[in-house]
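K.L.:
As a plain string of letters, each chain reads:
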Amino acid sequence: MSRSGVWASAGFAALVIWSYHGTGMDLGELFGPEGLRQIGLYVVRLFPPDLSPPALRAAGVGAVETFAISFVGSVLAVGIAVPLAIATTRSLLYRGILHEGRTMGPRARAVRVGIYALAKGLLNLLRTIPEILWALLFVFMVGLGPFPGVLALGFHTGGVLGKLFGEVLDDVDPRPLEALQSTGASRLRILFYGILPQAAPQCLSYALYRWEVNIRAAAVLGFVGAGGLGQRIHVAISLFLEHQLLTLVLAIYVMVTLVDALSAYLRRRLV
Amino acid sequence: MARGTRTGAPADPFPDSASKRAFPLLLTAGFVAVLAGSLYVSEADPRKLVEGDALGNVARFVQGGFPPRLTWEFLQQLVRPTIETIQISVMGTCIAVLIGLPLGLLATSSLSWSGVLHERRSRVGRWALGFLPYAASRAVLSAFRSIPEYVWAFMFVRAVGLGPFAGALAIGVAYGGMLGKVYSEILEGVNPRPLETLHASGASRAGIVLYGLIPQALPTFISYTLYRWECAIRASAILGLVGAGGLGQQVELSMRFFLFDEVITILGVLFCLVAAVDFISGRLRASVVR
Chain A
13 MSRSGVWASA GFAALVIWSY HGTGMDLGEL FGPEGLRQIG LYVVRLFPPD
63 LSPPALRAAG VGAVETFAIS FVGSVLAVGI AVPLAIATTR SLLYRGILHE
113 GRTMGPRARA VRVGIYALAK GLLNLLRTIP EILWALLFVF MVGLGPFPGV
163 LALGFHTGGV LGKLFGEVLD DVDPRPLEAL QSTGASRLRI LFYGILPQAA
213 PQCLSYALYR WEVNIRAAAV LGFVGAGGLG QRIHVAISLF LEHQLLTLVL
263 AIYVMVTLVD ALSAYLRRRL V
Chain B
3 MARGTRTGAP ADPFPDSASK RAFPLLLTAG FVAVLAGSLY VSEADPRKLV
53 EGDALGNVAR FVQGGFPPRL TWEFLQQLVR PTIETIQISV MGTCIAVLIG
103 LPLGLLATSS LSWSGVLHER RSRVGRWALG FLPYAASRAV LSAFRSIPEY
153 VWAFMFVRAV GLGPFAGALA IGVAYGGMLG KVYSEILEGV NPRPLETLHA
203 SGASRAGIVL YGLIPQALPT FISYTLYRWE CAIRASAILG LVGAGGLGQQ
253 VELSMRFFLF DEVITILGVL FCLVAAVDFI SGRLRASVVR
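The listed protein sequences correspond, in order, to chains A and B. Sequential numbering from 13 applies to the first sequence in our numbering. Sequential numbering from 3 applies to the second sequence in our numbering.
Treat the hints with care, as some may be off.
Unchecked claim - Quick list of in silico lysine-lysine cross-link-like pairs, DSBU-like style, CA-CA up to 35 Å: (1) B/K50 - A/K175; (2) A/K175 - B/K183; (3) B/K183 - B/K22; (4) B/K22 - A/K132; (5) A/K132 - B/K183; (6) B/K50 - A/K132; (7) A/K132 - A/K175.
Calculated from the structure, these hints are not laboratory results.
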């Protein structure tokens, strides 16, 4: 092993030991008779799931709400991401083939660079704050219910998608664009027939992928009061309704599996 | 006029079937219908953003949040949760590897029941010793990763008590499910030709795995695991919202007492932490994949 490999391994081992102590991990206790008994007791208490009509109805309503939050949130995210992505694509704003042969005054160029920097910063801000913290803020702003969940998903995912869309737009193959330009196509035509057709499938695929992420997120935003299954799970846990909790967790599993399958199907058909 | 009528373009020799032509229409209709229903169910109403106290609340938040609270005592108070957040993410990722690696190996079809490794085994042996564990581990991995880490954290807080240990277990189980799936995909995607060469030269099954499969898969394994660690630091920072330690618990407290200047400070710390981990992980990944 090389010298740097030895150092890396030693550092890694130290990090793990430090974390092991810091998190209060106790494998002996966890897998000892007492720990296993505790976990076993909890699992036994969860079964069987509560399948009475009211519990099923609660799970169904929660699942539909979670689906709605994830769907509207993802659409909102695309709505936020597209303009910001365009504003962070340098090849659209001030350099590259679209701007060949045109002279841009230093002032105009400075404005465009400014737009680029502003949009980039905004995307970073949207992306860095996790959706659950956005949800916390929006619950504070518009009150309890699914709507703050929609806004939270839209803002965080908008930041993520904006970055990804921007990268896709920046990375399109320049050769078709040059071909278009040499036939005398206008800049708008180059954008519509050269850049967008190349970028659209990849962007769509990213949007579908984030929808899969969002259905999982929507299921937990309720913990801070933003509707959906999470809110009901919070109640079930707080009131020690373990059988109902298992029903709701199963509902999450079903929703997530369904959305994954749907998204995979759409991706196959569209991309 | 040689021909009677002009029909424009020649007839399409491969006309699309009716269902294929209808697909975009159906898709659009379905999208609009689902969107309308979802807008209704989610009570989405942009007017809520401007009516009532909404804007006043934003103003209160911003006013209360700036300037952020940067007193020495408060920063000292944040040191422990920050360290805890890092430790939860590291331990969680380790547990995830311990869960994901064995299950991922079992869930790899080319390892457990099909392909070059199993050419010399009987059909019954393949099915009983290979396919059953394969299917079972796939099901377990799918259940682990479909349930979000917050729900796991909630349940582990109940099972092992409040604190960072529950957070590490939650991340470990949820990410174990994801790692296992991705590991198996990586293993199934390796180039089969080196394996066949080894097989043809008479290598044992263990030999094929050790010298053919693992060296091909390892860099991608490490790179993806590091990526998951980046995700884990974000997750561990907010698992505290359900009582599983770390910075999230602090956010909850400050938010509950409307101390927005503290919330902004914690968000700043979180931002730096995530940026630092992204940087370190990016450097490590670059050096592994190179």
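K.L.:
Hint by hint, note whether the structure agrees.
P.N.:
Here is how each hint holds up against the structure:
no., hint, in the structure
1, B/K50 - A/K175, "28 Å, holds"
2, A/K175 - B/K183, "26 Å, holds"
3, B/K183 - B/K22, "33 Å, holds"
4, B/K22 - A/K132, "40 Å, violated"
5, A/K132 - B/K183, "33 Å, holds"
6, B/K50 - A/K132, "28 Å, holds"
7, A/K132 - A/K175, "8 Å, holds"
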